[in-house]
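> Sequential numbering from 90 applies to the sequence shown in our numbering.
If you are wondering where the hints come from, they were derived from the structure by calculation, not from laboratory data.
Note that this is a predicted model, so its numbers are computed, not measured.
Some clues are possibly wrong.
In silico DSS-like cross-links for lysine-lysine, where the CA-CA straight-line distance does not exceed 27 Å [what the hints assert, rightly or not]:
#	residue 1	residue 2
1	LYS101	LYS163
2	LYS101	LYS150
3	LYS150	LYS163
Pair by pair, the computed Cβ-Cβ distance ranges are [unchecked claim]:
#	residue 1	residue 2	range
4	ARG181	ASP157	30 to 36 Å
5	GLU115	GLU142	24 to 30 Å
6	ARG136	ARG179	14 to 20 Å
7	PHE123	GLU143	31 to 37 Å
8	ARG146	ILE93	28 to 34 Å
Ideal Cβ placement from N, Cα and C applies to all residues, glycine included.
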Amino acid sequence: MIRIERTCACLKASVLLNGEEIGVMEGIYLTQWFLKNRYHFTGTFIRFTPLDEEFNRSGIKVDIYLPDQNIILKEALIDWLSDTGRGTFRARRIESSI
Numbered sequence: 090m091i092r093i094e095r096t097c098a099c100l101k102a103s104v105l106l107n108g109e110e111i112g113v114m115e116g117i118y119l120t121q122w123f124l125k126n127r128y129h130f131t132g133t134f135i136r137f138t139p140l141d142e143e144f145n146r147s148g149i150k151v152d153i154y155l156p157d158q159n160i161i162l163k164e165a166l167i168d169w170l171s172d173t174g175r176g177t178f179r180a181r182r183i184e185s186s187i
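Let the sequences and hints guide you as you build the complete structure.
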């Protein structure tokens, strides 16, 4: 049984790789859901603007800091990224930045 727990949204977020900012995501929508005794975190974003073109691809693991919610999405894998910068991600866990 799938149970959707919580959703949240953020207008702008910082994207971090190894503690350094590599870009900005805009229009993030995050869904937290519970399946098979484990929480899953999936989300979408409207635009990803990297500072360097080498990060403009899917398949990289990053941390996403949502300042509006004061949370960090740890080990977020960018699943899909279109030519326009729109895409999806899956995060391993959430940490509070308070």
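> Next step is simple, just say for each hint if it's right about the structure.
Outcome of the hint check:
no. : hint                        : verdict
1   : LYS101 x LYS163             : holds, 17 Å
2   : LYS101 x LYS150             : holds, 18 Å
3   : LYS150 x LYS163             : holds, 9 Å
4   : ARG181 x ASP157: 30 to 36 Å : violated, 21 Å
5   : GLU115 x GLU142: 24 to 30 Å : violated, 18 Å
6   : ARG136 x ARG179: 14 to 20 Å : holds, 19 Å
7   : PHE123 x GLU143: 31 to 37 Å : holds, 36 Å
8   : ARG146 x ILE93: 28 to 34 Å  : holds, 30 Å
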